[in-house]
Structure formats: C-alpha cells, structure tokens
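Trainee: Please build the complex by placing chain B on the supplied structure of chain A, with the hints as guidance.
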Amino acid sequence: MPLYPGCQGKAVNTLLTQNPLIQLPGGVRDGAVRSFAAHVRGGGDRYSYYVSADHNYEEGVLGNNYDRRRSLRSNFSFAPTEKVNLAVNAGIVDEHLRLPLDGESAQGLLFSALRATPGRFSTLPGQTQQGWFTVTPDQSNQYDNETSTQRMILGATATYQPFQWFHNRLTAGLDWTNGLATLFAPPNTPVLTGDTLGLTAQRVPRSTLYTLDYNGTLDYSVMPSLVSSTSFGSQVIANQSQVLVGTGRGLGSPDVTLIGSTTTISASNSFSQNNSVGYYVQEQLGWKNRLFGTVALRADDNSSFGSNFNAAYYPKASLSWILSEEPVLKSVFQTLHADNFKFRTAWGEAGRAPEPYSATRTYTISVATMGSGTVSALRTSAFGNPNLKPERGRELEVGFETDLFSGRAGADFTYYNKRMNDVLVSTAVAPSTGFRGSQQANIGSTSNSGIELGLTYSPVQLKNFGWDGRLSLSTNHNKLLSFGDPSINEIVPFASYGSVQQFRVGYPLGGFWGQVPKRNPDGSLVLVKGAIVWDSTVGPAFDPANKFIGPSTPTRQISLANTFTFFRNLSLYTLFDHQGGFYNYRGVDIYRCASSQNCRQLNDPNFPASELPIYQAGVSNAPHAVYIHKADFVKLRDVSITYTLPASLAARTAASAASITLAGHNLALWSSYPGPDPEVNTYGYQNAITGSFNRGDIYAMPMTRRLTASLSLTF
Amino acid sequence: MFNGMPRRRALGLATAALLAMTTGACNDFLQVKNPGAIQEQDVDNPAYISLLVNGVIGEFQPAFSSTALYSGIFTDELANFHGFSENIDIDRRAVGVSNGTYAGGVYTPLQSARFMADTVASLLRSFLGDSAARDVRLARSLDYAGYAYTLLAEQMCSAPINGGASESPDQLFGTALARFNDAIQVATAASTNAATSAANKRSADSLLTLAQIGAARVSLDLGKAADAIGFATPVATNPALDSTWGFRVYHSANTSREYDPFYAAASGGASAEYVGITNTPYETLVGDPRIPHPTTTEKTQQGDAIVPNSPLMFSTYNGTATGADFTRDASITFASKLEARYILAEAQGQNATNLAFLNSRRAIGGDTPLVAPTDADYMAALREQRARDLYLAGYRLGDLRRYIRLYKVDLFQTGTFKSPVPAPPTFGDQTCWPIPQAEYTGNHNLPSP
Chain A
123 MPLYPGCQGK
133 AVNTLLTQNP
143 LIQLPGGVRD
153 GAVRSFAAHV
163 RGGGDRYSYY
173 VSADHNYEEG
183 VLGNNYDRRR
193 SLRSNFSFAP
203 TEKVNLAVNA
213 GIVDEHLRLP
223 LDGESAQGLL
233 FSALRATPGR
243 FSTLPGQTQQ
253 GWFTVTPDQS
263 NQYDNETSTQ
273 RMILGATATY
283 QPFQWFHNRL
293 TAGLDWTNGL
303 ATLFAPPNTP
313 VLTGDTLGLT
323 AQRVPRSTLY
333 TLDYNGTLDY
343 SVMPSLVSST
353 SFGSQVIANQ
363 SQVLVGTGRG
373 LGSPDVTLIG
383 STTTISASNS
393 FSQNNSVGYY
403 VQEQLGWKNR
413 LFGTVALRAD
423 DNSSFGSNFN
433 AAYYPKASLS
443 WILSEEPVLK
453 SVFQTLHADN
463 FKFRTAWGEA
473 GRAPEPYSAT
483 RTYTISVATM
493 GSGTVSALRT
503 SAFGNPNLKP
513 ERGRELEVGF
523 ETDLFSGRAG
533 ADFTYYNKRM
543 NDVLVSTAVA
553 PSTGFRGSQQ
563 ANIGSTSNSG
573 IELGLTYSPV
583 QLKNFGWDGR
593 LSLSTNHNKL
603 LSFGDPSINE
613 IVPFASYGSV
623 QQFRVGYPLG
633 GFWGQVPKRN
643 PDGSLVLVKG
653 AIVWDSTVGP
663 AFDPANKFIG
673 PSTPTRQISL
683 ANTFTFFRNL
693 SLYTLFDHQG
703 GFYNYRGVDI
713 YRCASSQNCR
723 QLNDPNFPAS
733 ELPIYQAGVS
743 NAPHAVYIHK
753 ADFVKLRDVS
763 ITYTLPASLA
773 ARTAASAASI
783 TLAGHNLALW
793 SSYPGPDPEV
803 NTYGYQNAIT
813 GSFNRGDIYA
823 MPMTRRLTAS
833 LSLTF
Chain B
67 MFNGMPRRRA
77 LGLATAALLA
87 MTTGACNDFL
97 QVKNPGAIQE
107 QDVDNPAYIS
117 LLVNGVIGEF
127 QPAFSSTALY
137 SGIFTDELAN
147 FHGFSENIDI
157 DRRAVGVSNG
167 TYAGGVYTPL
177 QSARFMADTV
187 ASLLRSFLGD
197 SAARDVRLAR
207 SLDYAGYAYT
217 LLAEQMCSAP
227 INGGASESPD
237 QLFGTALARF
247 NDAIQVATAA
257 STNAATSAAN
267 KRSADSLLTL
277 AQIGAARVSL
287 DLGKAADAIG
297 FATPVATNPA
307 LDSTWGFRVY
317 HSANTSREYD
327 PFYAAASGGA
337 SAEYVGITNT
347 PYETLVGDPR
357 IPHPTTTEKT
367 QQGDAIVPNS
377 PLMFSTYNGT
387 ATGADFTRDA
397 SITFASKLEA
407 RYILAEAQGQ
417 NATNLAFLNS
427 RRAIGGDTPL
437 VAPTDADYMA
447 ALREQRARDL
457 YLAGYRLGDL
467 RRYIRLYKVD
477 LFQTGTFKSP
487 VPAPPTFGDQ
497 TCWPIPQAEY
507 TGNHNLPSP
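Which chain is which? The protein sequence lines are A and B, in order.
Take the position in the first sequence, starting the count at 1, then add 122; the result is the number in the working numbering.
Take the position in the second sequence, starting the count at 1, then add 66; the result is the number in the working numbering.
Since the hints were derived computationally from the structure, they do not count as laboratory data.
Where is the CB? At the ideal position from N, CA and C, for every residue including glycine.
Hints may contain errors.
Partial list, computed: chain A residues near chain B (C-beta under 8 Å) [to be verified]:
1) Y485
2) T486
3) M492
4) P553
5) Q719
6) Q723
Pulled from the structure, derived: some chain B residues nowhere near chain A, Cβ distances all over 12 Å [unchecked claim]:
7) D94
8) S116
9) T174
10) G230
11) S263
12) D271
13) P305
14) Q368
15) D395
16) G431
17) P439
18) Y444
19) R471
Pulled out of the complex, with its shape left as it was, chain A reads as follows (with noise of 0.2 Å):
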C-alpha cells in the first residue's frame, strides 16, 4: 500500500482537503432525539397537586454518545386551616449518559480528525486506514465512558400565619445526588489505554445538600397611606460530596470487567464539606401602593473562610414608583401612550465565599519507594490563604418598565453597573515555596457595567394575521480596576495555554493578548535564523510585549424573536441571534500548524511564502496573536412552525387540544470566524467574574444542529 494513497495521481502542489469527521467512513452521525413528557395537575378548595414526568433520548454525533434523562416531579400543598399552608415537593431524575473522549484527548475522534494529513496514516501502530491522527472511529468508539445518576430532591415549606400581621415561612430542602461512572477499555486496545491490559474502573460520587430557610414578616400601618413590612430569617446551608474510586488494569478477559478480577488494582476517595450560615433583617415601607422602599442588611459566614475571618455583612436598598399612577404625571403619560410606568432603582452588595479548604495550609500522605517496597511518605498538598475574605459585589441598578399604546407594545430597560471587591481569583502557587498548584486570593476590584433593554411588540393582530415579537438587547463592559496588593505583579496570567488571557489593570477580565511578529518598514517579517525565534544573543522576531486584542466574552448580544400567526392555527417562531464584541483563541490551528503540518497556510501554495514563518513557529515561539480572531456572530438559532388543529379535530383523539411542531436548531451562521462556531468553548462556560473563565478553541466539538417535530396532547 503507498504511503500516502490521498496523493496517488495528483499533480505536486495540489491542495489536498479533507474533512475525514464527514467524508470518511464511520466520521459522525445523525444522532437520534426521542422526547415524551406527561403533565398532570389538579386540586380542591384546600388541596392542589401537579405531577410531571419526562422521558428524553438524545444521541450525540459520534458513535459513543448519548444521554438518556428520566425525570418525575410532584408538588402537592395543603390548607389544613386558614392560618396554616403546607406545600411538599419532590423530584427524582434517573440519567445515564456515555460521552466520548472530547477535547484535547489523543484518543479523541476531534483531535484525530483535526491533526490527519489526508491520505497519510495514523501515527498508531497497527493503523490500516488513512486520513486520521491517532484513533479510527472504530477505535475511538470502542472508549466506553458511561455515567449513571441518580438525583432525589425533597423539599417541605410550612407557613403559618398566626395573626394577619405575622407570617412565617420555614422551608427544608435536601438535594441528593448518587452516580456511577464505569470506564472500560478491553483487552489488546493500546490505542485507548497505551498497553495492552484493558482497563475497568468506577466511580462513585455522592453528594448531599441540606438547606434550612427561615423567614418571618411583621405587617404593620404605620398610617392608612404608608405601610411597614419587617423581615427576618436565617439560612443554614450543609453540602458534602465525596468520591470513590476504583480501577483495575490488566483483564484476563473483555468478558470479566469485575475490578476485583484485575491484576493490579487501585483505589482513592476524596471527600468534602462546605457549611454555611446567613442570617437578615429587611424593612420596607409602602406609600399609598405607589411608593416602595426597602432597606435590608445580611451576615454570612461561611467554613471555607480562614481563621483570620468571622462574618460578612451585606446591606441593600431599593427603590420603585409607579409613576404613571401619581395624579400630577397622569396625563403625561398618557400623552405618550404609556401604561404602568414603574421606575426601579436598587443598590446592595453581595458576597461570594471561597473553595472549600482554601484557607488552610496542609499536607497529605502519598508514597516513596524505597529499596524494600513503597512506604507512606509526607507530601505538601494546599498552599492555603488563611487571609481569605468574601468576594464582595456592589451593584447599582436603574431603570424602567412601561407598557406601550394599550399593551400593544412594552418596553424594560435597565442600567447596571457593579463592583466587585476583593475579587476571588485562582492564582498560581510559585513552586519555590514547595508547594504546587494553584490558590485562592483577594485580588483587587473589578467593574461590571452594561445595559439590558428588552421591547416588546404586537404591530399587526389581524383576524387571520397575527406577528407578535421581542428584541432583547445586553451590553456587558467589564475591566480589571486594580490588583489592590502593590506587590503583585502587574499581569496575572491563568490560562492553560500560556499568556493568551490575561489579567490587566484597566483592560477586560480575562481577555485576549498576543504576541504580534515583527515587521520591516517595507513589511515583511523580520526573521532571526530564518525563523520566528527567540535568541538571547539576537534578541525575538516578535514583539515580546503581548497586544492587547480584545475581550473574551460578548461586550453586546442582541436577539430578535418573533411570532407570526396565520389563520390562528399556524404560526411561525424564528430566534435570531447576535453576540458580538469579542474575540476566540482558536488554538487548534497552533497544533496543526506547528505539530501536524496540516494547517492550510503550511500546504497552499497560493499562500504567501513570506508570511510561512509564522505559522512554521513553535507553540512558545509562536505570536499567538494570529490565532486570536474576531468572534462576533450571528446565528439562525431557533424556526419552528406549529400547527394547532382545530378543536373538533383534536376532540377525536380524545384530546381538548393537540398541536404538532416541526423545529430547527442552530440553522445557519454568519461569522468571520475562521472555525466552525466562534462561540465553543473548550473550558466550558463559566462565570466571568470567578477568574476562571478560560477561553479557547481546541478540539472544542461545535454546537450541531438539531431537527425535531413534536406533538402536543391535552386533556
């Protein structure tokens, strides 16, 4: 066979493509969605009761994907008296999942896929196809990682009322959480395991959380205009998760997965606690049902904080005015046609405790091999900050809502800007004081501000024509005020990948730097040896000092949804969707470039020869502010067209009301972008205020499209 039959027949400097995820057998698949779900609710004078139950399939686009959901949902309430309420509700969802290996894993069908020269052979030994990496997808999807949980959620609200001015609320919760994660992995599959063994292992998390709600309400006129309603209540919070771990290496058999059968077997568990405590007083006072003000003053303590810490204390205050309701601004609004105009405005702070156990300083026990066997051994485990305070938020909120030409328009808009305080960042722990990892710290301020505007409209609502809609738009501007501590170094970089999120005093949270090469006068590359390098004799090809190139989540996100309905049975929903403002490190094309040769600019010969050095630069050498891109977007995420049978139809199924629904997902995008959704993220979504909002393209599955069609039954 030759070594690179893609190439058999081809002209030199012909341009080989090839997505093998699409053309080559076995790439991905149209997954299977399955939905049904039951609702049934109902009561008395004293009693009411509803009861949900779902059933959800859905089937990921690689082989070894899928999640199954079931899910059972009850609430029931009880009046057994005038002054007394009792409300219990419980939940158990049953979900088992198997996912593939994603992301950066070598044994991933993405990173496979990503780094294939076409017609070339995998790099594995053993490998009878061409146009993958590492795995085949029938290799990849011999990785067998499922998960089975079990979540139970009980809750039980009592409220008594003993007089007409006192009400009292107590609320119990538990959240209960059991899984079951199997891997396996069978005989003679080094591809998956990197040996021959096979490999079974399980694990097992619990978690329980425990939530205990008081809250009591004094109801008071101070006069017949101006009426005082007294808050009190406390929150006590337990959680605890714990995992057990079992894995076993070396089956005699892909019959036999016990792990007890394994040749060589080993064990962990971890374990952790978080415990909290809030308590708060509230007052508010009502003005002729116009006016309302509220001030309100919380204390929190929480385990994780350090020995150097007692409580935290929250205060807040709000105030709203239906000012369309004062007799002197009447007629001003009606002149302009607006109903229930409120002003709102509201200033509070609110904290944010730390990880658990990040306050402390510890050890642990691992092992040293001596000449005789392996013996127990100290190790350095958390670095600790027994200085950690609550992450402190302080938010001010202005705005309004208004009803528009007699509820046929509305409008809700919203000026926010907060600040945060002693920010909770993970830092990296410096190896030269023996310990490793990362911390928490209270690293200075940082600034939130934007807008949320939301419209609302009905412009056209005819007897066989109706469009209804809503236009949402967000801006979001965050930055970094100050590192607080003098002593710490002016850039705070966190990012897997080297420096390419940073954190600067003045510039977004998190956002993109990048190294930018090196130019001429007449703009051609300056080079040291021919190449984008750094020597200390010669000096970088690039600028050393990292560019600022922009933020890493959306500063605006616009969405346009509308409603139109035709002969009152059929209508038509489509969502689009707009986020905009920031920036994607699409680091994939670094790897492809630079290990696998694969990127386009390496292998068109139409690309400027000129430009080659960038992209024939190592990962450290490489100036990473090519691979950051423009991620502005805008997406066809959601059409639907649903069709309502008409009464008398439904009516000989039995059913009081029946539709069907044919829906599209993630249609259609509009992007700069240079990979296939500027919107993946390889980390996850996380909150961008925690400090841990790592952003990057790499390996990242994009968001697949989804078609479905649904029927709808009531009775």
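Mentor: Same frame as chain A, but now just chain B:
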C-alpha cells in the same frame, strides 16, 4: 394590623428565638472535616518523623528522574519524537516561560524536593535537639536537600527559594555545598557514635559517601578543583566500596507516582514512546553497551526512530549492545563511585592513573587506548566517556554548562534542528531552563519576565 407594643414584643421574641436557635451551634457547624489533609501545624509533631523523612525521599525520586528525562531531551542525550509542541521546544532549546511541560517536569518537582528536605531537616533539629547532630535521618534529609539544590543550580538559569528573589547558580551551589558539609558532619558523627546500631552505622557510612560525592560534584561545578579532589578522593579510593557502588532512586510499578518516567518515554509499549537517539550524536554509535539500542528503528509517537534502552546507571542495564527495555520499577543511580572517579580525573587532569582509568572506560565501547594524548585530547576523551557512563542519569546539562564555563568548550547542539514534526529550522541557544510563568505569577519578589 396591630399597634406598636405587641409588634415590638413579637419581633423581639422571634429574633431572640432565631438567634438562640442558630448562634450557639454556629461555630461547631462551621468546623468541617477534611479527611484528606493534615493541617500544617499538626505536622510539627515527632510522631511524624518517619513520614517526614519518607517524604523527603518521596519528593526527590520523581523530581530527579523527571529532571533526568527532560534534561536529556534538552541536551544531546535524547531527541524528541512527541507531537506536543512544548516537547519540541524543549528539544530545540527554545523554551518559553509558559512551557508547562518543563515547569511540571523539572522546576516544580525540584522545588518541592528542596522544600521538603529543608523543612524536614529543620523539624528534625527541633524534634531531636542535641541528638540531631548524630542522627542518620537528619543526614539523609541534608543529603537530599544538597542534591535538590545541586540539580536546581545545574539545571536552572536562576531560581528563587521560598518565594524570594532569584538566586544565581553559584548561590544555589553554595547552599548545596553547605547542606553537604552539614550532612558530612552529621553522618560522620552518627557513624562514629558508639550508640549507633550496626544498621544505622551502615546507613551513616552510605550517607557520608553520598554527601562527599555531592560536595565533590558541586565543587567541580564551581571550578574549585582542589575541593573537588578533597571530597572525591575518599570515595574513589575507598577499598570498602565496590567499583559499582552507587546511591539510587528507586521506582515501583505500584503507583503512577512511583513509575520510572523513562519507561513511558522510551519503552512505553505499543504507542507511547516519544524519545529516541535519532538526530543525536549517538545515532550512529554502535557496540557500546552503555548506550544500548536496537539497530533498527521503532515506531514512536511521531515517526520512526532508534530508541535507547537501559544504560549503565539503570538497574535494568544488561551490558549488551542492544540492551534491555526500561521498566516501570527500574532504579537509577544518581551518585556513584564511578562518578567520584570521573570527578578526580577531571579535577586532577591528565596523569598516568587517570589516563589508565580513561582507557579502561574507552575499552568498554571498543575504543583503542589513548597513548600520550595532549591535555585537550585527554579532556575531550574524558568528556566523551563520562557522557556514555553517566548517560540519562541527570548529569549532562550540568556538564555541558560546566564545560562552557570552565573550559570554553560548547558541546550543545547547534545549527539545523531536525524534527519529526514541523518546527523552526535551527536550534535555540538556551543553555539552562528559565524560571517558569507560575513562579512569576505567584512570587511577588520577582519582576515580570
């Protein structure tokens, strides 16, 4: 609605009940369990002495072996056949501060080993009082501290200690020498103490030898030939020590932390090999069992290459030209009588005894004896034989740096860089590892790179 007095009474009662219900139990409630950790203050306990001393060894073992592997790739001992760009940059000697592979494989484990050894030595002095000065456990901790500092000095361009400012290699060598001198005193006292058991006396003697070799190594690196000779001579001329005597780091197949990393790198079964001697000076070397390798190429993670087998300093060495695969539990000698002999031969220069030693080593590889060589030829041949005898045992980078510094001889690979995957066409010019980004981020005493 109600009037003022009853409302205030109700509020007061409710608040009091709420506080009574929750405040009293609050402190206990916020004290949570952490069964996976020992609080730092609890470690200051003599009951932990064995665990602490084991911890010194447990930190040094993976640090040493991983450093030996990655410095082998950084120098001319090994070439990279891994697709990961950070490994390519290491092979090319163009390592950026954000390179996490060397940070996790060299810098961080060496710092952990150094910290643990220093910490335990300090705790032992506190626990044992006056008797510490003759305790083999203290001697052992000091020895390992000395070697951790030595490797930091040989490997790093500079390195901070305990979050401080950066220290030069000479400063680090100085600290290493201080640790070795302390170890020599303590081991000598333990060995000569009448109350010391026979087993502990054997340990003390072994630890004394280890400290002497370490002190000789550091003295040689610092260019203090006379001191190096003074420390190495008692070892090299000790008739009680077998010519193959060495002090080892042990490995085990029991847990991944105990694996010899050379197993995954060069004997990783069907798919994982990622180093070779293709594209190194040893590519064409045949017949020397100290750098054993098959004559045919093997499939690596990136193309085919000649992959080395277990050399002389490994317990899996079998003395054949082809050699034996590395294993997960292969131990590595990091200080030996042979090394002491080499230190003497380099520090003393050419004389009849040293030339005879050199020719005896040449004979192993099938090289003819040198007859009346020039001093330059003698030193060149000595460097070559040392490279083969101590192959993959963590010496090469320190040696290459010393050759430049003391003899103006640059043996780092230069010119065209050959790589199985696309890479810049020439070698970089680094001769040591830079301080990694994590240190800059977490150490406020370091200016930004």
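Trainee: Taking the hints in turn, state whether each one holds.
Mentor: Against the structure, the hints come out as follows:
Because the beta carbon of Y485/A sits about 5 Å from the nearest beta carbon in chain B, less than 8 Å, this interface hint is met. With 8 Å as the threshold, the beta carbon of T486/A comes within range of chain B, its nearest partner Cβ sitting at about 6 Å, so the hint holds. Evaluation of the M492/A hint against chain B yields a held restraint, the C-beta minimum of about 6 Å falling below 8 Å. Restraint check, P553/A versus chain B: the minimum CB separation of about 4 Å is within 8 Å; hint holds.
With its C-beta approaching chain B no nearer than about 4 Å, Q719/A sits inside the 8 Å limit, and its interface hint holds. Interface restraint check for Q723/A: the shortest CB-CB distance to chain B comes to about 11 Å, outside 8 Å, so the restraint is violated. Not every C-beta of chain A lies more than 12 Å from that of D94/B, the closest at about 10 Å, which undercuts listing it as non-interface. The claim that S116/B lies off the interface is violated: its Cβ sits roughly 8 Å from the closest Cβ of chain A, which falls inside the 12 Å cut-off.
A cut-off of 12 Å between C-beta atoms contradicts the statement that T174/B is not in contact with chain A; the least separation is 4 Å. Listed as outside the interface, G230/B is inconsistent with that label: its C-beta sits roughly 7 Å from the nearest C-beta of chain A, within the 12 Å cut-off. Non-interface call for S263/B relative to chain A: holds, since the shortest CB-CB distance, roughly 17 Å, exceeds 12 Å. No Cβ of chain A approaches the Cβ of D271/B within 12 Å, the least distance being about 16 Å, so the stated non-interface status holds.
With a least beta-carbon separation of about 24 Å from chain A, P305/B lies farther than 12 Å from that chain, consistent with its non-interface assignment. With a minimum CB-CB distance of about 6 Å to chain A, Q368/B fails to clear the 12 Å threshold, and the non-interface call is violated. Remark: the non-interface label on D395/B conflicts with the geometry, its nearest Cβ contact in chain A lying 8 Å away (cut-off 12 Å). Listed as a non-interface residue, G431/B keeps its Cβ farther than 12 Å from every Cβ of chain A; the least gap is roughly 30 Å.
With a least beta-carbon separation of about 34 Å from chain A, P439/B lies farther than 12 Å from that chain, consistent with its non-interface assignment. For Y444/B, the requirement that its beta carbon stay farther than 12 Å from each beta carbon of chain A is met, with the minimum near 31 Å. The Cβ of R471/B sits about 16 Å from the closest Cβ of chain A, beyond the 12 Å cut-off, so the non-interface label holds.
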